[in-house]
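From first to last, the protein sequence lines stand for chains R and U.
The first sequence begins at 1027 in the working numbering and counts up one residue at a time.
The second sequence begins at 1050 in the working numbering and counts up one residue at a time.
One or more hints might be untrue.
Claimed, not checked - Interface residues of chain U toward chain R, partial, derived using beta-carbon atoms under 7 Å:
#: 1; residue: S1054
#: 2; residue: L1058
#: 3; residue: L1088
#: 4; residue: V1228
#: 5; residue: R1231
#: 6; residue: F1235
#: 7; residue: D1239
#: 8; residue: G1242
#: 9; residue: R1244
#: 10; residue: V1245
#: 11; residue: G1247
#: 12; residue: M1248
#: 13; residue: V1250
#: 14; residue: A1293
#: 15; residue: W1297
Said to hold, decoys possible - The calculated label-pair distances, taken between Cβ atoms and stated as ranges, are:
#: 16; chain 1: U; residue 1: L1143; chain 2: R; residue 2: T1124; range: 54 to 64 Å
#: 17; chain 1: U; residue 1: A1063; chain 2: R; residue 2: R1136; range: 31 to 41 Å
#: 18; chain 1: U; residue 1: L1221; chain 2: R; residue 2: T1195; range: 47 to 57 Å
#: 19; chain 1: U; residue 1: P1358; chain 2: R; residue 2: P1088; range: 57 to 67 Å
#: 20; chain 1: U; residue 1: W1059; chain 2: R; residue 2: T1103; range: 27 to 37 Å
#: 21; chain 1: R; residue 1: T1083; chain 2: U; residue 2: L1154; range: 29 to 39 Å
#: 22; chain 1: U; residue 1: T1209; chain 2: R; residue 2: R1078; range: 43 to 53 Å
#: 23; chain 1: R; residue 1: T1083; chain 2: U; residue 2: R1343; range: 35 to 45 Å
#: 24; chain 1: R; residue 1: Q1191; chain 2: U; residue 2: P1358; range: 23 to 33 Å
#: 25; chain 1: R; residue 1: Q1191; chain 2: U; residue 2: R1349; range: 30 to 40 Å
#: 26; chain 1: R; residue 1: P1146; chain 2: U; residue 2: Q1348; range: 49 to 59 Å
Hints listed in this document are in silico derivations from the structure and should not be mistaken for laboratory results.
Just so we're clear, the structure is a prediction, and the values are computed from it rather than from any experiment.
Think of the CB as a built atom: it goes at the ideal place given N, C-alpha and C, for glycine as much as any other residue.
As a plain string of letters, each chain reads:
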Amino acid sequence: MLHADALTVGYDGVAILPPFRLTIGAGELWAIIGPNGAGKSTFVRTALGLARPIAGTIERRPGLRLAYVPQQSALDTIFPISVIDFVLMGLQGTGNVTLARRSAHLGAARRALEESGAAPFARRQLRDLSGGQRQRVLMARALATDADLICLDEPTSALDAASEQEILTLIERLRRRRGAAVVMVTHLVEVGLELADRALLLDRDHGVALAAPAAAMRSAPEFQHIYGRFVARHGHTG
Amino acid sequence: MNPASWQELWANIAIFKDAIWAAGLAGALLGFIGVHVVLRRMVFASSAIAQAAALGVALSFWVPALIDPIGHAAGHAAGPAAHVLPSPLFEPVLWAIAASLLATLVFIANPVRLHLTRESLLGFVFLVSGAGAVIIGDKITQEAHDLAAILFGSAVVVQTIDLYLVTAATVLLLGGHLVLWRALIFVGYDPMGARVQGMPVRALNGFLFVSVGLAVALCTRALGALPVFAFSVLPAMTALAFTARIGWVFVLATIVGAFSGVAGYAVSFRAELPVGATQTATAAALLAAALLWRLAMAQRDRRRARNQPPPILKSSLPSPPPERASTAAAPRTDAA
């Protein structure tokens, strides 16, 4: 679906991470982990085609449909956007820039809301919802795009424990049902590794860019070096 | 001197109708576009662009006088009717458009590379344009009144050519915005998501910024900088205070803009007040009314929420014993 070879990411022509190689297959769940400022967002922007690689190649399957689920904090609450209008944005894009014949797309938007469990909020304002409800709506828009690869930027940030679990369950369920590849940037290292098939560990400060099966990531020396103390502490506490 | 009556305005409508049409059309156009301006938090931009347009007009007066002072003075000596600019190149509206479009470059530039914010660059454009217009205004005594009219919107009558230009801008730009409003909202609200989905983000933003520049330039030439800034901000704020349905926000902002232009003109005639300032005050009064209404609605909602019984929480915990459950259910039955 997406293959990167000797990929070096960065900005303003300056590499921020060493070269790495990865292949994202259909239906795979990838966890992108690393400390703050590690280069996770830069990688995501490059993978989505929003930034050029500094070096190496990144190949996407022809006709690959992409969707991006932003962080909630990236959406300005001054905009009076209803839930249904937000999900309809998922149906805009190449070939349907203006969303002509809105009513023809309402069915698809409602189905996406049903699938993500956000149908009861359809008429409400996105800004008026709780964090968990809003994240469901964000997921619904990604579903409406019918994308082959969905990229989630910190889908559980600023959520309480119950909402966090709900969203992670939703991601897992939707991935299995839809067969779409999911790339999830997350600060929840343990949960991300537990849920994902594969993981990409990035750390700009230590010059680390390591792609590995999620189950094997914990034993990687680079992971131990970055998260060793944290993981050991959690291991003792349960 | 007694203030003019409504009958007098109606009796002289043939004289004022161009100005009233221009105010209504400009109000509608700027009201619609202003929704994007307010939602994208670039309110100060329309002010800076309007100032730049005014500077452009001032330059169009000053440059011919600088190049050919004798010919320019001779044109004035022959009287206003005989006074023609040396060339269509010095048509004020062209200079206003050029200056406005130059000012819109601020949106395209990446201020982060200069370690600045976009707001500070807009402030720079506003200050340079404002100071430039005043300094040049001091140099061109012949057209100083015309320039003051442009800066403060005190023009009582509008030239026919300006009305035609405002009409053309309203038809073309409003038409484009009506087609693209959903795309522009998506691009403004979630630019990264829009790019990922293949939306032409740069082209859409380019259309918005150029349309703001053109609308502000043409309307500034016809009405003046002050009402143009007011129409591109206040009607959108009024609409956002009244409704949270995005489609209706655009409709309402257009209506409020048009009404502010026409009603403001009529009130200024009736009360013998400066036109642009009265149009601005009219738009501001509508915004104040909308904010009061919004406050009243918020208070009503709070009152209703206080009077409602507390929600019954669904829980996966075991049910309470039967006697306690019936007690807990009693108030709910009463409320129903």
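Worksheet item: If you check the beta carbons of U/T1209 and R/R1078, does the distance land in 43 to 53 Å?
Response: 52 Å, holds
Worksheet entry | Restraint satisfaction for U/R1231 [CB to CB of chain R, less than 7 Å] | Holds - the Cβ of U/R1231 comes within 7 Å of chain R, reaching about 5 Å at its closest.
Fill in: Pairwise beta carbon distance, R/T1083 to U/R1343, judged against the given window 35 to 45 Å
Violated, at about 54 Å.
Worksheet item: Is the gap between the beta carbons of U/L1143 and R/T1124 within 54 to 64 Å?
Response: 31 Å, violated
Worksheet item: If you take the shortest Cβ to Cβ gap from U/W1297 to chain R, is it below 7 Å?
Response: With Cβ-Cβ at 9 Å, over 7 Å, it is violated.
Worksheet item: Is the distance from the Cβ of R/Q1191 to the Cβ of U/R1349 consistent with 30 to 40 Å?
Response: Once the Cβ atoms are compared, 37 Å apart, the range 30 to 40 Å for U/R1349 and R/Q1191 holds.
Fill in: Range hint compliance [Cβ, U/L1221 to R/T1195, 47 to 57 Å]
51 Å, holds
Discussion item. Is the interface hint satisfied for U/V1228? The criterion is a beta-carbon contact with chain R at less than 7 Å.
Written reply: 6 Å, holds
Worksheet entry | Interface restraint verdict for U/G1242 against chain R (beta-carbon cut-off 7 Å) | 5 Å, holds
Worksheet item: How about U/A1293: closest beta carbon in chain R under 7 Å, or not?
Response: At about 4 Å, which falls below the 7 Å cut-off, the nearest Cβ of chain R leaves the hint on U/A1293 intact, so it holds.
Worksheet entry | Residue hint U/F1235, partner chain R, criterion CB-CB below 7 Å | Check passed: Cβ of U/F1235 comes within 5 Å of chain R, closer than 7 Å.
Worksheet entry | Range hint compliance [Cβ, U/A1063 to R/R1136, 31 to 41 Å] | Taking Cβ atoms as reference, U/A1063 and R/R1136 lie about 55 Å apart, which means the hint is violated.
Consistency note: the structure conflicts with the earlier hints numbered 1, 2, 13, 15, 16, 17, 20, 23 and 26.
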